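Here are the chains, one letter per residue:
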Amino acid sequence: MRETPSPEGTPERVRVTSSRRTSRAPARRPLETELDEQTVLGEVYLRGLMRAQFRLAATIIAFGVAGLGGLPLFFWLVPDARDLRLFGLPVAWLLIGVLVYPVTVIVAASYVRRATRLESTFTDFVKRLS
Amino acid sequence: MTNDDFDAFSVAAIVLVCVVTLAVGAFGLRLSRTTSDFYVASRLVSPTRNASAISGEYLSAASFLGVAGLIYERGFDSLWFPVGYTSGYVVLLVLVAAPLRRSGAYTIPDFAEMRMQSSAIRRMAALLVVGIGWLYLLPQFQGAGLALRSVTGWPTWVGAAVVVVTVVLGVAAGGMRSITLVQAMQYWLKLCALAIPAFVLLWLWTSQGAPGPLEVAGPDADLSAWYEPLTNFPDDPYPLYSTYSTLLALCLGTMGLPHVLVRFYTNPDGRAARRTTVVVIGLIGLFYLFPPIYGVLGRVYLPPHLAEIPVDQIVLELPKAAFPGLTGQILAAILAGGAFAAFLSTASGLVISIAGVIGQDVLRPALARVTAGDSGVIQSFRLATVVAVVVPFLGSVLTAPLGLARTVNLAFAIAASTFAPLLLLGVWWRRLSVPGAFAGLVVGGGLATTATIVTVVLRPDPGWLATVLAQPAAWCIPAAFVTAVVVSLRTPDRIPVGTAKILARLHTPEGVELQSLR
Chain A
264 MRETPSPEGT PERVRVTSSR RTSRAPARRP LETELDEQTV LGEVYLRGLM
314 RAQFRLAATI IAFGVAGLGG LPLFFWLVPD ARDLRLFGLP VAWLLIGVLV
364 YPVTVIVAAS YVRRATRLES TFTDFVKRLS
Chain B
7 MTNDDFDAFS VAAIVLVCVV TLAVGAFGLR LSRTTSDFYV ASRLVSPTRN
57 ASAISGEYLS AASFLGVAGL IYERGFDSLW FPVGYTSGYV VLLVLVAAPL
107 RRSGAYTIPD FAEMRMQSSA IRRMAALLVV GIGWLYLLPQ FQGAGLALRS
157 VTGWPTWVGA AVVVVTVVLG VAAGGMRSIT LVQAMQYWLK LCALAIPAFV
207 LLWLWTSQGA PGPLEVAGPD ADLSAWYEPL TNFPDDPYPL YSTYSTLLAL
257 CLGTMGLPHV LVRFYTNPDG RAARRTTVVV IGLIGLFYLF PPIYGVLGRV
307 YLPPHLAEIP VDQIVLELPK AAFPGLTGQI LAAILAGGAF AAFLSTASGL
357 VISIAGVIGQ DVLRPALARV TAGDSGVIQS FRLATVVAVV VPFLGSVLTA
407 PLGLARTVNL AFAIAASTFA PLLLLGVWWR RLSVPGAFAG LVVGGGLATT
457 ATIVTVVLRP DPGWLATVLA QPAAWCIPAA FVTAVVVSLR TPDRIPVGTA
507 KILARLHTPE GVELQSLR
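Heads up: the protein sequence lines correspond to chains A and B, in order. Residue numbers for the first sequence follow this note's numbering, so the first one is 264 and each next one is one higher. Residue numbers for the second sequence follow this note's numbering, so the first one is 7 and each next one is one higher.
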């Protein structure tokens, strides 16, 4: 995995570098190159990351669909809930007019934390193998 | 309305907002030097300021005036509108924010071309951006006309013209860098302009013993239709379907709005794009706490059985009804200024995106032919700015308003039926083929546009058909997705050659240096 496989008959690869890369450790490149060139190995890693990210996104959306999207259906099925009061205030209005916003922010922030952690794990892994 | 309605305070506030907008824009102009500055603020805008700018741009006439008006008119069921506007950013965040930023594209047509490597899809996307943008500009101009008429008695085209001129001056002169500063400022302006009068009105209401809308309407009136979820209105007999279709359109439409995506390219990288989005969700959520206050207090101080006011003007009329005298006038002036900030910021963002597309895809090639490559990028952008505003301005003058929030929703539905499938499948699905993507755009766009035109022009009698056409998202979006997937699966040989490489670029985190990214 140190060497990039090069097909028969093609000219030898020439590494073209620009000044902006000179400060980087050259030892870091190989696995990144695998990713870059869609070798089987790079594909496997990237598909794994994409699948993990997509699963995370799907979890968040499922939470929203069930929690928020379930409310109209709930009101449809349970007409008594439509006029529910808490200290004289209508519960439906409090839920959809006020409470929904802080919950949304919390969900969004927790998504970003998890997505960033997934990516950091991936980045560390790539760098360790390089 | 007559000239007796001339309200000097409000006019002064509106003039002040326009002048400050231009002044901050001119300040930004001194900072913007290169073409890159001009288009994307050189991608060096900090997350907090960028989030303020995104929110400032997003909160339009529909949010500032329309939502409160709808809540005043329809009650609980309208609360879903701001919820949907906010949830759209969550969907955008979890599915496309970081990959789109990493794509490095500036507009949706750029992304379409980069991902599908097809100029036909690029042109189709460009056409849709311009169409959706114009449809979305229409209520901004109409809202400005209504607002200025309610404080001066002048005809509605004057207000629209004021917004058009201010936007063209600001956008054509300063481009994105100065606009970012203007938008960020306008978010806070709008929030204060809506929040401060809301607190004063709430204080007045509680100090008067807080009569609820139910008591004001009198013992005989039945307000349960207004109070409770899922009410049957004569023109909307299927509230469950309407609620879900609206939510779907708003959740998936946000990512497809032309002025939303452009903003994300001003983030330095994918991670910053995510952090920015969370701040945006917080900022717009904070803003949406206030429109329902106006909707509910409108029912108290301007009960519909006594007051005949167009619902989109409730926010502007409420303070004068609650506080006859100077206090009411000052509060009304604050709200009028905030409303103009809303028209200006959303219109500026839309005009930037539409002008970007018209400039890049239509004018620059045309000018290059005429002047043999001698014309600059910035000149064609400035010319495109003028083209971008003239069409919706004429539309706003010549057509009867359909209601601010309703027009905006149609734009959301078209965006959700076209760009949502393109972006979601483009970011996550390896087997999307060129004919598949194209067919998805044509089917989704064709169905949603047809439904919109039938609803707006023919206005069918209330019934299931009218509801289904007025709320097209629930069937147009699945139709577009299914078409794109089925056609793609049938044309596996037309999957773009570089798909794997492009997806690697979209999903590889910052910190892993891909050579193809340089």
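In case anyone wonders, no lab produced these hints; they're calculated from the structure. All figures in this text were calculated on a predicted structure; none of them were measured in a lab. Be aware that a few hints might be false.
If the Cβ cut is set under 7 Å, some of the chain B residues that face chain A in the computed set are [as the list claims (entries may be wrong)]:
1) Val-21
2) Ala-231
3) Pro-235
4) Val-518
To spell it out: a stretch of chain B is covered by chain A in this simulated footprint if at least three of its residues, at any positions, have a beta carbon under 8 Å from a beta carbon of chain A; those stretches are [unchecked claim]:
5) 99 to 107
6) 271 to 283
7) 294 to 300
8) 320 to 333
9) 503 to 510
Backbone N, C-alpha and C define an ideal beta-carbon position, used for all residues, glycine too.
Evaluated hints:
Using the Cβ-Cβ criterion of 7 Å, the hint placing Val-21 of chain B at the interface with chain A is not satisfied: the shortest such distance is roughly 33 Å. The interface hint given for Ala-231 of chain B is violated, since its Cβ lies 11 Å from the closest Cβ of chain A, which is over the 7 Å cut-off. Residue-level restraint check for Pro-235 of chain B holds (minimum Cβ-Cβ distance to chain A is 4 Å; threshold 7 Å). Restraint check, Val-518 of chain B versus chain A: the minimum CB separation of about 5 Å is within 7 Å; hint holds.
Coverage of a stretch by a chain is defined here by at least three residues with a beta carbon nearer than 8 Å to that chain's beta carbons; for the segment 99 to 107 of chain B and chain A the count is 4, and the condition holds. A count of 4 residues in the segment 271 to 283 of chain B with a Cβ less than 8 Å from any Cβ of chain A is obtained; the coverage claim is therefore met, three being the minimum. With a threshold of 8 Å between beta carbons, the proposed coverage of the segment 294 to 300 of chain B by chain A holds, since 3 of its residues qualify and at least three are required. Only residues whose C-beta sits within less than 8 Å of a C-beta in chain A count toward coverage, and the segment 320 to 333 of chain B has 0 of them, not enough to reach three; the restraint is violated.
For the segment 503 to 510 of chain B, the stated coverage by chain A holds: 4 residues have a C-beta nearer than 8 Å to a C-beta of that chain, and at least 3 were required.
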